[in-house]
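Protein chains in written order, with this note's numbering: chain D, 748 to 1053; chain X, 4 to 360; chain P, 123 to 482.
Honestly, I wouldn't trust all of these hints.
[Stated by the list, open to error] Distance windows between CB atoms, simulated:
1. D:Ser752 to X:Asp340: 17 to 25 Å
2. P:Pro234 to D:Gly988: 55 to 63 Å
3. X:Asp348 to D:Ala903: 28 to 36 Å
4. P:Val476 to D:Gly830: 18 to 26 Å
5. P:Phe266 to D:Ala926: 24 to 32 Å
6. X:Lys109 to P:Ala357: 53 to 61 Å
7. P:Gly365 to D:Ile1048: 49 to 57 Å
8. P:Val422 to D:Ile1048: 18 to 26 Å
[Claimed, not checked] With the Cβ distance kept under 7 Å, some of the chain P side facing chain D (calculated, not the full set):
9. Met257
10. Asn269
11. Gln283
12. Ala287
13. Phe337
14. Ala450
15. Gly457
[What the hints assert, rightly or not] Negatives, chain D to chain X, calculated, CB over 12 Å:
16. Leu826
17. Val896
18. Trp905
19. Arg912
If you're looking for bench data, these hints aren't it; they were derived computationally from the structure. Computed from a predicted model, the values in this text were never measured in an experiment. For every residue, glycine included, the Cβ atom is placed at its ideal position computed from N, Cα and C.
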Amino acid sequence: MDLASISPVLLLASLMVAATPILLAALGELVVERSGVLNLGVEGMMITGAICGFAAAVETGSPFAGFVAAALGGAVLSLLFAGLTQVALANQVASGLALTLFGLGLSALMGQGYVGVKPPPTPRLDIPVLGDIPILGPILFGHDVMVYVGLGLCAAIWAMLKYTRAGLVLRAVGENHDAAHALGYKVVRVRVMAILFGGACAGLGGAYISLIRVPQWTEGMTAGAGWIALALVVFASWKAGRVLLGAWLFGGVTVLQLNLQAAGVAIPVEYLSMSPYLITILVLVIMSADRSRAPGSLGRIFHATG
Amino acid sequence: MRLEKILAGAILAAGLAVPAAAQDPTKVGFIYVGPIGDGGWTYEHDKGRLAVEEHFGDKVETVFQESVPEGADAERAITQMALRGADLIFTTSFGFMEPTITVAKKFPDVKFEHATGFKTADNVSTYSARFYEGRAIQGHIAASMTESNVIGYIASYPIPEVIRGINAAYIHARKANPDVEFKIIWAYTWFDPAKEADAATALIEQGADVILQHTDSTAPQAAAEKAGDVITFGQASDMAEYKPYPRVSSIIDNWAPYYIERTQDVMDGTWESQQVWHGINEGMVEIGEITDAVPEDVKTQALALKAEIASGDYHPFTGPLNKQDGSAWLAEGETADDGTLLGMDFYVEGISGKIPQ
Amino acid sequence: MLKLEQRPEPSRLWTYLTPPLAVAVTMIAGGALFALLGKNPVEAIATIFWEPLFGEFAFYYGPQLLVKGAPLILIAIGLSLGFRAGIWNIGAEGQYIVGAITGAGAGLAFYPADLWVVFPVMVVAGAAGGWAWAMIPALLKLRFGTNEILVSLMLVYVAEQLLAAMSLGLLKNPDGFGFPGSRNLQQYAPAHNAELVAGTGMHWGVVAALIAVIFAYVLLNRHVLGYHIRLTGQAPRAARFAGVRPKRLVLFCLGMSGALAGLAGMFEVSGPAGQISIDFNVGYGFTAIIVAFLGRLHPVGILLAGLLMALTYIGGEIAQSNLGLPAAAIQVFQGMLLFFLLAVDLFTNFRIRVIRPETA
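Produce the entire structure from the sequences given, and follow the hints as far as they go.
Below you can see the structure in the form of structure tokens.
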């Protein structure tokens, strides 16, 4: 055993990277769920974003174009879900699962020509002064742009939900769609926009895996990250700040687990891998006491009568 | 099987009706556990299939089914290939062992080849590769090139094949450089690019400047490339896109010669059940190009080691060797028997850490 | 302008008409996809839908439909009871896994004793395992008011890790050369869920699925509990006045769906799959949710939907190996089918009215 070989600074820095894809996807899903819609298709949208972004980046040579394409790809796929649940009023759970199935297949088809191709590298941001600060520098200031996009998005969503009218409308729609409708809010329009936003974020998260974290394209490469993002939203009790915490926790458990193994600590891997989910359940239980519950209309179908 | 007979009759009738028609092509089926685009395990098996097609041209017809889950679905996939008239079926994952045996019982005239298993029947052969021979060479290169004396090893599941690889690499690393130390991570997956990348990163951050992997994606290669001063080896596939650095060599599963040979056997009617465990000598285990990033003398030594293993002059598990707990395993000059190797569940002396249970 | 108007009663006509309509639309869209991939669309569609039922080897594929469909139907029946009452168990995959573990574990505990009692014990253990796993979200919901959708989903991941731990540890085959996975129950006769009549695909799981369909039908139509379930789903408040005790309903619905999912896992592991292994679960628990909705939460509908799903799986496999269609194309095709089936349901509950803009 050689715990000294684990460098806390590097550990935290790689935790920031490991957390980013699930953070991005979870932030999108947070907005979706806050509008009262449960989209279980995150995995499908992530993997679609992963291939759209990868293909675009390879074809154009620009990782930036890749991320734009990934967001678009995720949003277009989520449009299917929006059409089903908001226009055709289909059940959200079933539609989301179907979306995941569809997305996994579609991405594999699209990606057939991209196996074994290397994407253009995404440059790291070298922030001149901040990056040189000991300890904090490498943890916070030595990453690629998308890490900061994730953090920025987190702050923006937090502020949006808390301080803006748009956030208020979103929450109103999610808490009680009938009341929101009575107040004259366009429930369906708000929800469709939220779903598109969620799709775009999931797409970005997927592209982060295929363009930066791994970086390569292989079928099924998101390997369940979308489901973790779903768990994360619940863990965070639908609060943006806690999503960030949760992403670090979920990403951190994996990174820590691998680091402990590398240091020669004998750990029961499976039981450690369970822990984030058990913690999430625990959080759900605790949350029920402080009354910050799921959005009231979560998963319910809205149809304006009259 | 009643329908089998009807079918055989129909084929016979067709044959009689058109006596001049060319012989039916031999139909060869492949059952894959992953997608052919995985860039590793299944990808290499599919290359073997394509080689069969190329070699025999019109005389064969190949069919395959990818991403077949192990268990009940595998049994159906294999059965359906047999029903469709396959003469020879390769099932290319350990988890297909039971379904292969079950289906083989129902189709005594069809030949089956199961990769990496241990159960055979009159019409079921097994084949596997002595990947550990390649690991010995990797271990040598790794230990000769490391500066930090820390070698990271991404292992998949604690099964004999993986443990064998770790031991073979470790023994030869120690021979080349007595100061090396192995850090082993059990990823509990064969294929999860994100997790493999994280594992590689964790090893690199803890000082490893060589990464050996027994998982199938190229993610660790990319992680090493990002880190800059870390070398890697291709696994299952050449992973040539990371040449010449960080990937300095590779172990390639080359199934093509075996697949061609066995197809030929079926064509000639000389196919017999067997258990083969082929290595470098037979060409099933190939050592990918050792790039110029490797110093010339190390490369020469590695190639000499490869030649010795190939000729049979040297066995990678040659005593004196002790087990991890210090108990004697192989005496001076003694080589390990295949039985022990196939069921290997212990580390050799010097490796720290425990095999997870 | 078009406007949706809720029908006072779901349309009977459309209930029967929508599934064929969706299948037809899928055939067109799927055909276009296959044509795009350079395959003959008619041949591909025919392979998927015709080959398993009436093709040359239908004698084999027919029974396989039962093997593939039975776990889907068994799980979906259980889920549909809860879904009708507005109780959302989406963690059937986890209950399926745990049922398989407890079922197989109970059987292996007897190994190698040759006792007739082994299989019945496994059935009870499998059902109990699934039931217990489903009781976690049920009890947490009752005690703390936690959302059962989320808790049951989280428990799927926990169950998957448990499965890995069992395959590598407690249940690992001692004679398996260190490979992960339990002993093969197919080779331990007292624990083997064999075909009841060889070549028919009928194993105990299929029988259980059929019994479940009948049971659910009777429950929903003839029993006061079924009435309570339907009432709670349609009008929760009225249900209170009608004497429904919501807590007992939660316990019943979650427990029932868990037990059935556990049974499905147990029948699968002791029959078609044969052993506990890391990749034992292939998503039946999630697919069953879709099956439940495709079947409109009606027992007979679920039976048909389960068989339809099984048909696309098996036909898809045939299309893969006969026509060289990539597995991914089949997945996309299935996804489309689900989308269309979900979308056309609109016509059952709503009618579309054309509203002329008022001319002023």
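Original post:
Checking the smallest CB distance to chain X, is D:Val896 really beyond 12 Å?
Top reply: holds, 18 Å
Original post:
Are P:Ala450 and chain D close enough, Cβ to Cβ, to be under 7 Å, as the hint says?
Top reply: Nearest chain D Cβ about 3 Å off; hint holds.
Original post:
Between P:Pro234 and D:Gly988, does the C-beta distance stay in 55 to 63 Å?
Top reply: Holds - the Cβ-Cβ distance for P:Pro234 and D:Gly988, about 57 Å, lies within 55 to 63 Å.
Original post:
Is the distance from the Cβ of P:Val422 to the Cβ of D:Ile1048 consistent with 18 to 26 Å?
Top reply: holds, 24 Å
Original post:
Is the hint on P:Met257 kept, meaning its closest Cβ partner in chain D is under 7 Å away?
Top reply: Because about 13 Å separates P:Met257 from the closest Cβ in chain D, which is outside the 7 Å limit, the hint is violated.
Original post:
Cβ-Cβ distance between X:Lys109 and P:Ala357: within 53 to 61 Å?
Top reply: holds, 55 Å
Original post:
Between X:Asp348 and D:Ala903, does the beta-carbon spacing fit 28 to 36 Å?
Top reply: violated, 53 Å
**OP:** Just tell me: holds or violated, for the beta carbon distance of D:Ser752 and X:Asp340 against 17 to 25 Å?
**Re:** violated, 37 Å
**OP:** With chain D as the partner, please determine if P:Ala287 meets the hint condition of a C-beta pair closer than 7 Å.
**Re:** holds, 4 Å
**OP:** Just double-check D:Trp905 for me: nearest Cβ-Cβ distance to chain X has to come out over 12 Å.
**Re:** holds, 26 Å
Subject >> Interface hint compliance - P:Asn269 to chain D, C-beta minimum distance less than 7 Å >> reply: holds, 5 Å
Original post:
Should the interface hint for P:Gly457 be scored as holding, given a Cβ-Cβ cut-off of 7 Å against chain D?
Top reply: P:Gly457 check passes; min Cβ-Cβ to chain D is 3 Å, inside 7 Å.
Checked against the numbered hints given earlier, this structure breaks hints 1, 3, 7, 9 and 13; the rest are met.
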